Every structure is written in structure tokens, then in C-alpha cells.
Amino acid sequence: MSAASLSAQFLDIVIALLLAPLLTGWVNQWRARLQNRSAPSLLQPYRLLHKLFHKESVLAEHASPLFRGAPYILLGCMTLACAIVPTLSTDLPLAPAADAIALVGLFALGRLFISLAAMDIGTAFGTLGARREMLVGFLAEPALLMVLFSVSQIAGSTSLTTIVERLADQGPAIYTSVMFAGVAFTLVALAENARIPVDNPATHLELTMIHEALILEYSGRHLALIEWAASLKLFAYSGIGLALFFPWGVSEGQSPFAVLYALPVLILKLAIGGFLLAVLETISAKLRIFRVPEFLATAFLLAVIGMLVNNLQGH
Amino acid sequence: MTLLEGLRSTPAPLPAPVPIWHVEVTGEEWLAAARSVVAAGGRLVALWGSAADGLSVAAAYVIHAGLIWVELPLPASAPVYPDLASIFPAAGRMQRATADLLGICASGSVDQRPWFRHGAWPADYLPLHPGAGACEAGESIDYPFVKVAGDGVHEIPVGPVHAGIIEPGHFRFSVVGEKVLRLEERLGYTHKGIERRFTQLPPLEAHRLAGRISGDSTVAYAFAYCMALESACGCAIPERAAWLRALLLELERVANHLGDLGALGNDAGLAFGLAQFSRLREEWLRRLGEDFGHRLLMDRIVPGGVAADLDGPAAARLARHCDSLEREVRALRDIYEGHAGLQDRFIAAGRVTPALAGRLGLTGLAGRASGHAIDLRCDHPWPPYDRLAPGMATHRNGDVAARVTVRFEETQESLRLIREILGSLPNSALRREPQLPRGKTRGLGWMEGWRGEVLVALELEDGAIRRCHCHDPSWQNWPVLEHAVIGNIVPDFPLINKSFNLSYSGHDL
Numbered sequence: 000m001s002a003a004s005l006s007a008q009f010l011d012i013v014i015a016l017l018l019a020p021l022l023t024g025w026v027n028q029w030r031a032r033l034q035n036r037s038a039p040s041l042l043q044p045y046r047l048l049h050k051l052f053h054k055e056s057v058l059a060e061h062a063s064p065l066f067r068g069a070p071y072i073l074l075g076c077m078t079l080a081c082a083i084v085p086t087l088s089t090d091l092p093l094a095p096a097a098d099a100i101a102l103v104g105l106f107a108l109g110r111l112f113i114s115l116a117a118m119d120i121g122t123a124f125g126t127l128g129a130r131r132e133m134l135v136g137f138l139a140e141p142a143l144l145m146v147l148f149s150v151s152q153i154a155g156s157t158s159l160t161t162i163v164e165r166l167a168d169q170g171p172a173i174y175t176s177v178m179f180a181g182v183a184f185t186l187v188a189l190a191e192n193a194r195i196p197v198d199n200p201a202t203h204l205e206l207t208m209i210h211e212a213l214i215l216e217y218s219g220r221h222l223a224l225i226e227w228a229a230s231l232k233l234f235a236y237s238g239i240g241l242a243l244f245f246p247w248g249v250s251e252g253q254s255p256f257a258v259l260y261a262l263p264v265l266i267l268k269l270a271i272g273g274f275l276l277a278v279l280e281t282i283s284a285k286l287r288i289f290r291v292p293e294f295l296a297t298a299f300l301l302a303v304i305g306m307l308v309n310n311l312q313g314h
Numbered sequence: 000m001t002l003l004e005g006l007r008s009t010p011a012p013l014p015a016p017v018p019i020w021h022v023e024v025t026g027e028e029w030l031a032a033a034r035s036v037v038a039a040g041g042r043l044v045a046l047w048g049s050a051a052d053g054l055s056v057a058a059a060y061v062i063h064a065g066l067i068w069v070e071l072p073l074p075a076s077a078p079v080y081p082d083l084a085s086i087f088p089a090a091g092r093m094q095r096a097t098a099d100l101l102g103i104c105a106s107g108s109v110d111q112r113p114w115f116r117h118g119a120w121p122a123d124y125l126p127l128h129p130g131a132g133a134c135e136a137g138e139s140i141d142y143p144f145v146k147v148a149g150d151g152v153h154e155i156p157v158g159p160v161h162a163g164i165i166e167p168g169h170f171r172f173s174v175v176g177e178k179v180l181r182l183e184e185r186l187g188y189t190h191k192g193i194e195r196r197f198t199q200l201p202p203l204e205a206h207r208l209a210g211r212i213s214g215d216s217t218v219a220y221a222f223a224y225c226m227a228l229e230s231a232c233g234c235a236i237p238e239r240a241a242w243l244r245a246l247l248l249e250l251e252r253v254a255n256h257l258g259d260l261g262a263l264g265n266d267a268g269l270a271f272g273l274a275q276f277s278r279l280r281e282e283w284l285r286r287l288g289e290d291f292g293h294r295l296l297m298d299r300i301v302p303g304g305v306a307a308d309l310d311g312p313a314a315a316r317l318a319r320h321c322d323s324l325e326r327e328v329r330a331l332r333d334i335y336e337g338h339a340g341l342q343d344r345f346i347a348a349g350r351v352t353p354a355l356a357g358r359l360g361l362t363g364l365a366g367r368a369s370g371h372a373i374d375l376r377c378d379h380p381w382p383p384y385d386r387l388a389p390g391m392a393t394h395r396n397g398d399v400a401a402r403v404t405v406r407f408e409e410t411q412e413s414l415r416l417i418r419e420i421l422g423s424l425p426n427s428a429l430r431r432e433p434q435l436p437r438g439k440t441r442g443l444g445w446m447e448g449w450r451g452e453v454l455v456a457l458e459l460e461d462g463a464i465r466r467c468h469c470h471d472p473s474w475q476n477w478p479v480l481e482h483a484v485i486g487n488i489v490p491d492f493p494l495i496n497k498s499f500n501l502s503y504s505g506h507d508l
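Protein chains in written order, with numbering that gives the first Met the number 0: chain A, 0 to 314; chain B, 0 to 508.
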């Protein structure tokens, strides 16, 4: 383990923690612009975090330690997820700790704890949200796994860093299976990040909420941690998407300058991705909740087709 | 030919631009009148109590010929009248409210729970009684909601404090999973004693209070109150004032429909719709603020006429605004109707069949979307509507999509009416001050607001208001909302609720 790889790992985590709210702000800004509204500042998510960290946390009387601990666990899961996704460099010391399958488990762990915490205080909305979150989760996870499998078949490994290295080395090539997997991944990413058409991050209608209903009882620093974790999740998913489908530009060498070169490329790719997300959210309406299983089943089916195509072509 | 079967005395017509009669009845006639209204295919508009001239209970029915105000005097010793809820389900909550405010009860009614009394006053205190002074707060009431039992059934209580900035109301859902088995509403959180306040105001100034009953219907209420006052005074308004009143009513309709269409898109997750319609509504309100001096047109209708006028250039500007607004609304309608995701949310959500609507007395815009062609502007056109021949927008499906379609069509029709009115405004005075009569008189205002028919019943005595009852169409439509969501899923409720967009303030008074 060299100093360069350690610094790359450190940079990877710091960049994720710092840039994630910026990505959220970027998407929100474009959403507003596309709806002909005047857009909030790019820095709005940071201001929100600042405000929340300085506010008192109000806890329900019957809240158990689980309720207090869940935001930290959630933030921990998402930070670790960002640490093992090769966004800047493939030379990450933490990467062998978890492969693509463990990554899915990491997201599931975060989901489990925040859902338990929502049920812990016993309000109707918490339980309602937890139930819906589980409905989305148990359908999204297998679809995500299928996507990762079809790409890892090409690379011959389930380690994300290896996948990126192999794919980037091959240069731009069009795999039919990867295209199927890409569409499936987009659908899963929308569902997992509580975006339209599955959930509406901007809604004030408590009866329609999924993610927001889970965290209705949180306030102050706890809410700040959850909001930050939500930004990190979006960042991690963007990172996975870029790693699997647009791996070019990630540094592979030991040189610290390569990492510095990879950063502007990453920012450019995230900016384009965030803009496309905002477009997608603007032109869609929210699905009736019982259409969500159909939506995610489509993702699963596409990922399976991708895998079959891959096997038939004999890669 | 008698107006209504089963009445011994002949109803007396009241001077008003719409056909209205008043009749006093006895206990047996009270039920006979209700039954013959049903037999004649009529409907109940409002039911209220009064202590102006001894205790009495009154009902307003609409039959083919017009509106009949039926009044039943009650003895102070036994203020009980025969129940109407078994004939008109919509009467149930009005009877409960009357019992809370005046202590006069319907005998034999199934539901005797308090409606307005949440514990702000004791059970034996009657806020609308002329002798009622100040009172201590009563004990808070553990309201007995209807329980739904069964495997996996649980309750979701929502409100009265909501996550968004809306008026307070409590909704108790009984659900299995996401499916709604039963919804029970509890309202009355914005009860603020408006009807008693009316009796403390001079009749010529109380139109300002009427205009503040429900902010989105300020024109409709001020219009209905002034119509009632002019009917009680037996005075007619100048021709130009009548035309300008119709203009104001249509301007208010357009503003509200624009707001609702945007909100409906937003509740289905299409924020683009909200942004566009909010912009159109804001431009519209600014135009109204510039031309009439108030964005929401408050206090523009005054007893005897109007307090705002429009000169030639302003009229031309408003007509041009209508042209451009019509183009934009048409473009947005194409987007709404062509958006598969949006239509998937709208179609079949919150369906009220025409049969159910008829049984429960669904009225106004929601009624027209469920196949009930009721629109005062068409049924009993008063000047200038008799010259304008307004078209009625109806739909048979009764779902959210139907209510959206009716809103789009009414917006377009209102824009046409506005331009017609602007093109043919007659020249005359704007106001003729009504002379308050001596002795006891009564008047009634009856008006098609944007939500439905608004009614104001007014009793005057020697230049003072003895009783003023205001009725919002939400009274009829709130109970229907409970039926509309049955079998739908919980996350569709906000959309269904918004498609009705009922008033809390206008209901709670």
C-alpha cells in the first residue's frame, strides 16, 4: 500500500463528502430552470446542512437508541459506499473490502436501519414510509445485482476497480448487453434515490411520500446527517453509473497528478449526468405507487436480457 | 298550479334577479315538502337554524322553477324538528352544526355527534342565541370516529396540522395496506363565529365580512350577500353594475381554475404544470390588481352596485390579456392531455358515479363532472347571463380527469364571457344606495361561484341584521369526498382531494 494509493483513497472520500451536496444543488438548480422557476443557489444544500447542524434535535419521547443511531449508521454506509466506488482512481486500498455484491448489501443495510428507526417511534407515517421503502427496496436490489452481474461478466470480476480498469482499457466499444444494463441501471437509480417518477423529493403531501415519510420525525443534526447521506447516495449511484458505463478518465496509475487530472473529468461527467436527471424528472409525472413494481420489474427484465445477450454473444 | 305539493300556504316570491320563494310551514308540511322536492327531482341546498324571531329551522330547496326557502317555527320549550338526513344525506352535517350552534335538534336522526363543537364552548352554551354572552372553554371532546375492524385493518390519522401550508382538517383513514376502506372527515377547526359577527355589523357594511368568509370565493360571497340585502330592501341595481358583477365573478373563476390546474399537475408529480399555471395565475392577478385595485377583487362588490369601474383602454387591455391567456391555456391543455404519466394518475382516480352523485347531492363543479348539469348561470340566468347564454361544461366519468376537463372547459368559456361582457358594457351609474326598510324583512342571495352555488339568507329588523346564514357548496361535497376515495390507494388521496378543492373556511364559518 503506497502513499499515493492512500492519498487517492483519502481524496476519494473527501471529494465525495464535499461534492455530494453540490451535485444535489446542481440537480435542483436545473430542475428549477427547466420548470421556468428562478433557481436556488448551487450552495443551497450546504446552507441547509449548516442550518440543520446548528439547530436543536427534537426527539420523540419513546425514541429508542436505534432512532438516534440510525442517521450515523446511514451516513457511515453511504460514505463507505462512496469509498469503494472508483470515481477518481482505481488504486483504492479499501476497494478489496467490498465488491459489487457487498456494495448492494451496504445500501440495503442503510435502508434497513432507517426503516427500523421510522417504525421505532410508532407514528403512522413512519410505518407507512418504511413499508413503501421496503416495497421499493426488495424490487430494486435484485435488479441492481443483475446489472452488476452483466457488466462483471464482461470484465470477469465483481470488483468495481477491476471492472473499471478492464472496461477503460478496451476503449470505447459498444456492447449490446451493457446498453440493456445501462437502461436498467437508470431505472433502479431513480427508484433508489427517491426521484420522480417513483418518489417526489420536493413534495409536501405526507400521504404520497416514501423517503420523506421515513424521516418526518427527524430534526436538527440527525436530519442533517440524513440529508447528507441522501446526497452521498446520489453521488455513489452516479459514481457507479459512471464507473460501469463511462469509465474513461479515471486514473489508474500511481501518480498523484493522474488523480488531479481525473477530478475535472469526474466533475464534467457528474454535471452532464445531473442535468440529464433533471430533464428526466421534469418531463415525467409521478407513478401511481402500484406501478412502481412494474417499473422495477422492467429494470430487472432489461438487466436479465442484458445478461442473456452477453452469454449468447459468448464474451 | 302549485309550486310544491303538500303545502297549505302559498309561497311568496322574494324580489331577486333569480326566482326565489319563501314559505312558513308546520311540522307535517316540513316532511311533506321535503318528499315532494325529491319527487319533483329537486335537491337540498342548505339547512340552518335561526333565533331571530323565536326559534326556527329553515331549508332551501331547488326545484325546476327555482329556489324555495321553507321555514319551520319551533317552540322554545321543545326545539325539535323532523329529521331530513334520511331523505337528503347532505342534511346530516348541517343538522349537527345547527344543534351545536342553536340547540335545535333533528328528531330521529342517526348521527347526533357534535360537528362544530370541539370543546371550545360547553355543551349547554348556544353561541348563536341572541342572549349568549362570553363563555368559558368546555371540555375537549373525544370524538367517536367510526371504527373499522378486520384482519390487517389499521388507521392513519392525518391532520389537522399538515406538512404543507393548507387549511386545517382531520382525515381518519382506515386502510388495508395501501387501499382505503373508509375515510372519515372531521372539520370545524376554523370555526370563528362569523354568523354571530354578522349580527353586530350594520347591513350596509357587512358585505366586507361576507367577502372574507373564504378568500378564494370573495366575489361570490360578497355578490350573494349584496343580492340578499338588495332582495330584503327591494331595490334593483344599475345595469352597468350588474354587468360588472358578472365580470368580477368570471374573473374570479378563471383565477381559481388556473390555480387548481397547476396544483393538480403538481400533486401528480409534474412540477412543470404548477410552474406554468402559477405564472399565468400571477399575471392574471396582477392585471386584476392593476385594473380593479385588488388582486383577489375583495370589496369590489358593494350593496347597491359595484365599487370598481373599467375605462375603455383598461377593457381593451384585459380583453387582449384574455386572448393570450386562452392560447397558453390551450397549449397547456394539450400537454396535460398528451402526457401519459399524468393521464394515468388522473383517469379512474376518485370516481363518483352519476348515480352516487345524485344520491348524495354532489353539486357545483364536481357535480358537473359527474353528469349533474347544474349551473345557475344556465338554469336561471339573471342579467346579464340571460344575454350571454353561457355554455355548461359537463362530463360523465366523475373521476379526477373529468374534473380537470371541466376546469379547462370552464376556463375557456369564462374567457369568452369576459370578452363578451367587455365588448358590451352598458353605460349607467355604478351604484344605487339601498334604503334599509323598517320592520322585519328577509332576502336571499343565490349565486354560482367557481366552486358551486353559494347561498346567503338574510333577516333584517329595523335596519339591523338579525340573522345571516352563509352556505358554501363544500357542505354538500365534503361528504362525497369520503365516498370518492373508497377503494383508491392512500397516496392518491391528495390528488383526489385537490380535484374537489373544497373550502374549510367557508364550511366552518
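Derived by calculation from the structure, the hints in this document are not laboratory data.
Mixed in with the good hints there might be a few duds.
Now the in silico label distances, taken between C-beta atoms and shown as ranges [said to hold, decoys possible]:
| # | chain 1 | residue 1 | chain 2 | residue 2 | range |
| --- | --- | --- | --- | --- | --- |
| 1 | B | Glu289 | A | Ala270 | 36 to 44 Å |
| 2 | A | Leu115 | B | Ile334 | 55 to 63 Å |
| 3 | A | Leu115 | B | Glu289 | 53 to 61 Å |
| 4 | B | Glu282 | A | Leu17 | 56 to 64 Å |
| 5 | A | Ser156 | B | Ile346 | 43 to 51 Å |
| 6 | B | Val152 | A | Glu60 | 24 to 32 Å |
No experiment lies behind these values; they were computed from the predicted model shown.
For every residue, glycine included, the Cβ atom is placed at its ideal position computed from N, Cα and C.
Tested hints:
1. B:Glu289 x A:Ala270: 36 to 44 Å: This hint holds: roughly 42 Å between Cβ atoms.
2. A:Leu115 x B:Ile334: 55 to 63 Å: 42 Å, violated
3. A:Leu115 x B:Glu289: 53 to 61 Å: Holds: the Cβ-Cβ distance is about 56 Å, inside 53 to 61 Å.
4. B:Glu282 x A:Leu17: 56 to 64 Å: Distance hint for Glu282 of chain B, Leu17 of chain A is violated at roughly 41 Å.
5. A:Ser156 x B:Ile346: 43 to 51 Å: 48 Å, holds
6. B:Val152 x A:Glu60: 24 to 32 Å: Distance hint for Val152 of chain B, Glu60 of chain A holds at roughly 27 Å.
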